[in-house]
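Undergrad: Sequence:
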Amino acid sequence: MAERPPTHRAPSAVDDADYPAYTMGRAADMLGVTPDFLRSLHAAGLIRPERSAGGHRRFSRNDLILAARARELLDGGLTLLDAACRITRLERDLHSAAVRIAELEGTAPANSSGDSGENGQQTATTRRQATARRPSRRRSNRTP
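One point on numbering: in the UniProt record's numbering, the residue at position 133 of the sequence shown is 133, and numbering is uninterrupted.
It is possible that some hints are incorrect.
Unchecked claim - Label-pair ranges, simulated between beta-carbon atoms: (1) Thr23 with Leu78: 21 to 31 Å; (2) Val14 with Ala53: 13 to 23 Å; (3) Pro35 with Thr88: 20 to 30 Å; (4) Glu72 with Ala43: 18 to 28 Å; (5) Asp15 with Ser52: 17 to 27 Å; (6) Asp36 with Arg69: 32 to 42 Å; (7) Gly77 with Ala43: 15 to 25 Å; (8) Gly106 with Leu80: 34 to 44 Å; (9) Gly32 with Gly77: 12 to 22 Å.
Derived by calculation from the structure, the hints in this document are not laboratory data.
Note that the Cβ used here is the ideal one computed from N, Cα and C, for glycine as well.
Hey, can you work out the whole structure from these sequences and the hints?
TA: Structure, rendered in structure tokens:
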């Protein structure tokens, strides 16, 4: 039986930008921020890290991207609330642009007003809203 070429490998957690791969300390080190800064972003609802079986926060690449952007905006003089509002507005604009591009290319999803962008990918805002409404599918051994 012929072996598959490397380009046809199965998707893995390495490829998943939403996979909670980074500990609090590692995430803080990577971004050059304190763990308290990441906790404040979580408390404000800007990022929604997963929890490990032991209850520790685990951050995804998408969480780190949002946290880095928030840090830039705060360093630029915005408050945390202003930064969160700006990021949310930019995500909404990006989603609208992706829907419009799909419409122009004739590949618009059946419901272009839905939560999915081009190729069915959700914006970070939509993911955060969905996470707030339902428990995570990744953590089946979670305690209340």
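Undergrad: With reference to the structure, classify each hint as holding or not holding.
TA: Now the hints, each set against the structure:
1. Between Thr23 and Leu78 the CB atoms are about 28 Å apart, so this pair conforms to the stated range of 21 to 31 Å.
2. Between Val14 and Ala53 the Cβ separation comes to about 21 Å, which falls inside the hinted range of 13 to 23 Å.
3. Against the hinted window of 20 to 30 Å, the Cβ-Cβ separation of Pro35 and Thr88 comes to about 24 Å, which satisfies the hint.
4. Checked against the hint of 18 to 28 Å, the pair Glu72 and Ala43 passes, with Cβ atoms roughly 19 Å apart.
5. Look at Asp15 against Ser52: about 21 Å separates their beta carbons, and that is inside 17 to 27 Å.
6. Checking the proposed 32 to 42 Å range against Asp36 and Arg69 shows it is violated: the Cβ atoms sit about 18 Å from each other.
7. Checked against the given bound of 15 to 25 Å, the beta carbons of Gly77 and Ala43, roughly 21 Å apart, stay inside it.
8. Evaluation of the 34 to 44 Å hint for Gly106 and Leu80 yields a pass: the beta carbon distance comes to about 41 Å.
9. Taking 12 to 22 Å as the suggested C-beta distance range, the pair Gly32 and Gly77 conforms, at roughly 18 Å.
Violation of the numbered hints given earlier is confined to hint 6; every other hint is satisfied by the structure.
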